[in-house]
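Going line by line, the protein sequences match chains P and U.
In terms of this note's numbering, the first sequence opens at residue 1 and continues consecutively.
In terms of this note's numbering, the second sequence opens at residue 1 and continues consecutively.
Simulated from the structure, these hints should not be mistaken for laboratory data.
If you're wondering where the values come from, they're calculated on a predicted model, not measured in any experiment.
Worth double-checking, as some hints may not be accurate.
Label pairs and their calculated CB-CB ranges [as the list claims (entries may be wrong)]:
id, chain 1, residue 1, chain 2, residue 2, range
1, U, E421, P, A106, 39 to 45 Å
2, U, A391, P, A47, 58 to 64 Å
3, U, K21, P, G129, 31 to 37 Å
4, U, A32, P, S121, 25 to 31 Å
5, U, W15, P, Q92, 40 to 46 Å
6, P, E86, U, A19, 46 to 52 Å
7, U, K251, P, D104, 33 to 39 Å
8, U, Q18, P, D41, 45 to 51 Å
9, U, P276, P, S121, 28 to 34 Å
10, U, H225, P, A47, 27 to 33 Å
11, U, H172, P, A47, 47 to 53 Å
12, U, H125, P, D41, 25 to 31 Å
Cβ atoms here follow ideal geometry from the backbone N, Cα and C, with glycine treated the same way.
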Amino acid sequence: MTRPRWEHFAHEADIGVRGIGASKKEAFEQAAIALTGVIVDPQELTAEEVVEVTCEAPDDELLLVDWLNALVYQMATRRLLFGRFEVHIDGQRLHAKAWGEPIDVARHEPAVEVKGATLTSLRVGQEAGGAWVAQCVVDV
Amino acid sequence: MDTSLLTRKSEYEWWVEQAGKMRVPAVLYASAELIHDMDPMVYEQATNVATLPGIVKASYAMPDAHWGYGFPIGGVAAFDPDEGGVISAGGVGFDISCGVRCLHTGLKREEVIPVKAELADALYHKVPAGLGSRGRLHLTDSEMDAMLTGGARWAVERDYGTLEDLERIEEHGCMAGAKPEEVSYHAKERQRDEVGTLGSGNHYLEVQYVAEVHDALTAEAFGLHAGDVVVSIHCGSRGLGHQIGTDFLRKMAVAAGNYGIALPDRELACAPINSPVGQTYLGAMRAAINCALANRQVITHLTREAFARVLPQAQLPLLYDVSHNTCKVEEHVLNGQLRKLFVHRKGATRAFGPGHPDLPPALRPTGQPVLIGGSMGTASYVLVGTAEGEARSFGSSCHGAGRSMSRHQALKQWRGRDLVEKLAAEGILIRSPSMRGVAEEAPAAYKDVCAVVDAADAAGLSRKVVQLKPLACIKG
Numbered sequence: 001m002t003r004p005r006w007e008h009f010a011h012e013a014d015i016g017v018r019g020i021g022a023s024k025k026e027a028f029e030q031a032a033i034a035l036t037g038v039i040v041d042p043q044e045l046t047a048e049e050v051v052e053v054t055c056e057a058p059d060d061e062l063l064l065v066d067w068l069n070a071l072v073y074q075m076a077t078r079r080l081l082f083g084r085f086e087v088h089i090d091g092q093r094l095h096a097k098a099w100g101e102p103i104d105v106a107r108h109e110p111a112v113e114v115k116g117a118t119l120t121s122l123r124v125g126q127e128a129g130g131a132w133v134a135q136c137v138v139d140v
Numbered sequence: 001m002d003t004s005l006l007t008r009k010s011e012y013e014w015w016v017e018q019a020g021k022m023r024v025p026a027v028l029y030a031s032a033e034l035i036h037d038m039d040p041m042v043y044e045q046a047t048n049v050a051t052l053p054g055i056v057k058a059s060y061a062m063p064d065a066h067w068g069y070g071f072p073i074g075g076v077a078a079f080d081p082d083e084g085g086v087i088s089a090g091g092v093g094f095d096i097s098c099g100v101r102c103l104h105t106g107l108k109r110e111e112v113i114p115v116k117a118e119l120a121d122a123l124y125h126k127v128p129a130g131l132g133s134r135g136r137l138h139l140t141d142s143e144m145d146a147m148l149t150g151g152a153r154w155a156v157e158r159d160y161g162t163l164e165d166l167e168r169i170e171e172h173g174c175m176a177g178a179k180p181e182e183v184s185y186h187a188k189e190r191q192r193d194e195v196g197t198l199g200s201g202n203h204y205l206e207v208q209y210v211a212e213v214h215d216a217l218t219a220e221a222f223g224l225h226a227g228d229v230v231v232s233i234h235c236g237s238r239g240l241g242h243q244i245g246t247d248f249l250r251k252m253a254v255a256a257g258n259y260g261i262a263l264p265d266r267e268l269a270c271a272p273i274n275s276p277v278g279q280t281y282l283g284a285m286r287a288a289i290n291c292a293l294a295n296r297q298v299i300t301h302l303t304r305e306a307f308a309r310v311l312p313q314a315q316l317p318l319l320y321d322v323s324h325n326t327c328k329v330e331e332h333v334l335n336g337q338l339r340k341l342f343v344h345r346k347g348a349t350r351a352f353g354p355g356h357p358d359l360p361p362a363l364r365p366t367g368q369p370v371l372i373g374g375s376m377g378t379a380s381y382v383l384v385g386t387a388e389g390e391a392r393s394f395g396s397s398c399h400g401a402g403r404s405m406s407r408h409q410a411l412k413q414w415r416g417r418d419l420v421e422k423l424a425a426e427g428i429l430i431r432s433p434s435m436r437g438v439a440e441e442a443p444a445a446y447k448d449v450c451a452v453v454d455a456a457d458a459a460g461l462s463r464k465v466v467q468l469k470p471l472a473c474i475k476g
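Bound-form chain U, shown alone:
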């Protein structure tokens, strides 16, 4: 990105000053190196989002921002419905409520290493991964609606987990205001056999260990110590969410004109929050959030089953479950006034600071765990939300590494089988149905997650707690 277009407000804060049709400035949080390597499309997209009706304060881009669909991936924007604010399907993304869940195991690295291959095989056998895989559940129409209303709570009520799990999930595992009746027949059909499946692309289930502790006090409060083994699950709302994204991107592209919204680009498709299309999308999107929460809950159950077979002494309680593709109604203070805002986070993680009322009592003193997934074979991080982040980005942080190379290029450069062997030699076992998929997800096709997390920390969006490194990865 051309930095001459930006005003550098501080070492990690870059502004596109308000001009032309922009209603607010665009604010990019990143180091000089990350800004330099950032796609110029982020500048264009963050600037375009700043023109949308009802946007408040600024259009934000996180340190891992890259070219998305209308909104940049790594974009955060809040809208006020009373000022004609809009909701955008592209601002949430196709994989609604895609997110990361992290489970403790109570095990140390030395206990897992001797049975690592057996554990990787058991997980790969239990958790359906990749295109064409089906879950063990087949949902009837009434069960589909119950799942879309109940989220992870629905899964727990059917013995896929415990009540304690729900406390450690955003919205306590159940998103209010979901309207299954606003979800299309096509979306439900795509989901019928997909509950409890991982999906493909950058989704994974990883067995990891705490490689480095950056903040011992918070790590202790989170129950994380050097050498502890955890499991991270990265996936979303599967076919149902994808279809809702598809349905509403199309509907909003047609509707925006009817509502007199001049879009700088058609892909910014949106509708006023207080409009029939906006309200219908909200109901459907919230149902998709529940779908993602139910999906990660069922996968958690399958993970526990796999561990029970290989390491029966393991207990797998949740550290936390947080989504990074959502639009949520939140209260934020603006110019001393408490306002109810619709906060879009597309490829951005909610990062509430200490004392936030939405956090479970056990996490209120520290702030919210912010779970950042790396790419296959590289590090992941647990960060913590800060009070400062609340003021800087509506309590939001980065979500991952982001690609630095296209799939096409990656495929030319690597062979899946070679990568699997290379990673195995480094002590990281990969299980995947597709070697081409593995090549496209090559670790070096992604940006350095450490640089992204360092920038998020330095910019005050969230603070580093521990670094995680992989032992085994189930890849879709």
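In isolation and in its complexed conformation, chain P is listed as follows:
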């Protein structure tokens, strides 16, 4: 069984986010944590507020881009940072909850603002060993 985890990968100007899990939904959840990890340490965040997100796309890859961009939008307009996610994927539709807390610049010292998820190094799929990977580069 694949242990859910996230990591960043190098892009010359920006940064790549990668979620890995036993299922597609888990990989999407981990990719979202990796997105937060670009800004702050996700483990530092408490679940004070919850936001619900839905999106729909013609394929898995665009669904990942839409999911991460929906979070970028929620972070920007609600001024929240999310540390925990619960994703449900039904065909081409995604429904999710994201828990987080308001940005406190002095305490969080956010490293950088994410402008958007891109189509660069975009991939959603299953590895030979069965693990699901969801990844793309985000512009910062």
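Starting from the structure of chain P, add chain U where the hints point.
This is chain U only, laid out in the frame that chain P set:
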């Protein structure tokens, strides 16, 4: 990059000869050292851009080119709408109309140094920087649309600056053809509280001095002398531009197939200029250009307020304001024929030569100031556009240093606080809300801007006028 894939046409000009699906060659301007260190992805991306419908002459890469999104960052490409030419959201970038504005101060370095810390604090206090910061303006729906139509002119009409400022901004501070109605609700929501904010990443506001004069005559014409203090502001269209980039990258990725455009890579997402998606993007992108111009205008006002408190004798007129992430309609001569082209510049600075009709009368004899930002703590440059550059790259030059190391690597290598102390010892004050952000933006994580500018000069894209060095840097 593997140079055996390239034909060296001259010391600073390297070609990927037209082959396969390429409609034109790809031309890279750089020194042998810069080419050697350039990411192989630049080769791939510049070659891919050369396959797009309606591209004319060549797909260009500037000396600071690096791996971007579909288009290389440091990429220039012009398309003819009458030949099925396309427009690409990736060819403009997420931070639409990101650019550099440079202000004179009328002060000498010796006058600023004694109050440098006070000035840095005043600027940091006045100019909101970093993620989560808000501007002092909250825009209603009607004010949002007025800002998106009016650009810097909108800001000046609300007393954020003077009419003289507008003359020294591309498009005279107001991009025509903006269509606020084509800008999504989400994009407007992201911008509501963000006018007059610096943002984060490589964006900054820097107090600098003229460290070296390379071309005394042009420097004099620009009003720049050794030891003069200037302020450079590097930022873009904030959340609104980012969201428009996001919206249209997605729309174009889906639309390209419908228009029968075979993309070598999905991220090259584009649409014909003369298509509903292309036209909608143009209207929205032009609104984002106005957003960036308004943003830099409001920041200019805040900068003037900070100076008024610390150095009340200072006057801060504009040297110039130039964007490096745009698509603009321009007239260029091709094979003796005047053609109207859509010129994409992604991480490339417009560099019009002497006599260009779009320049204000005061700058027409010299050519356009080309403002090149360095990384935190390193040099920046003012260059000037050349007639030669017009022929070489549709009047375009480099835009900055470009990273040489990923954020991840930089974070492993440096601590923000150490860097701040080290730079302070060198006489450069850093003010930033995030020490991790400072570490990720470490000067050594960027390429040597001097090598990039030297190559741009030697390749004839633009000519060096002065070198600027920092005294204080406000970092998002």
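Cβ separation of H125/U and D41/P, checked against the hinted range 25 to 31 Å: holds (28 Å)
Cβ separation of E421/U and A106/P, checked against the hinted range 39 to 45 Å: About 20 Å separates the Cβ atoms of E421/U and A106/P, which means 39 to 45 Å is violated.
A32/U paired with S121/P, Cβ distance criterion 25 to 31 Å: Given a distance of about 29 Å, which is inside 25 to 31 Å, the answer is holds.
Satisfaction of the hinted span 45 to 51 Å by the C-beta atoms belonging to Q18/U and D41/P: Holds - the Cβ-Cβ distance for Q18/U and D41/P, about 49 Å, lies within 45 to 51 Å.
Beta-carbon spacing of A391/U to A47/P - inside the hinted bounds 58 to 64 Å or not: About 60 Å separates the Cβ atoms of A391/U and A47/P, which means 58 to 64 Å holds.
Range hint 33 to 39 Å (beta carbons of K251/U and D104/P) holds or violated: Holds, at about 35 Å.
27 to 33 Å as the expected CB spacing between A47/P and H225/U, which holds or is violated: This hint is violated: roughly 58 Å between Cβ atoms.
Hint check for A47/P and H172/U - Cβ pair distance inside 47 to 53 Å: holds (50 Å)
Outcome of range test on Cβ distance (K21/U, G129/P; 31 to 37 Å): holds (36 Å)
Hint check for S121/P and P276/U - Cβ pair distance inside 28 to 34 Å: At 30 Å between Cβs, range holds.
Distance restraint hint 46 to 52 Å, applied to the beta-carbon atoms of E86/P and A19/U: holds (50 Å)
Pairwise beta carbon distance, W15/U to Q92/P, judged against the given window 40 to 46 Å: For Q92/P against W15/U, whose Cβ atoms are near 44 Å apart, the range 40 to 46 Å holds.
Of the numbered hints stated above, those contradicted by the structure are hints 1 and 10, listed in ascending order.
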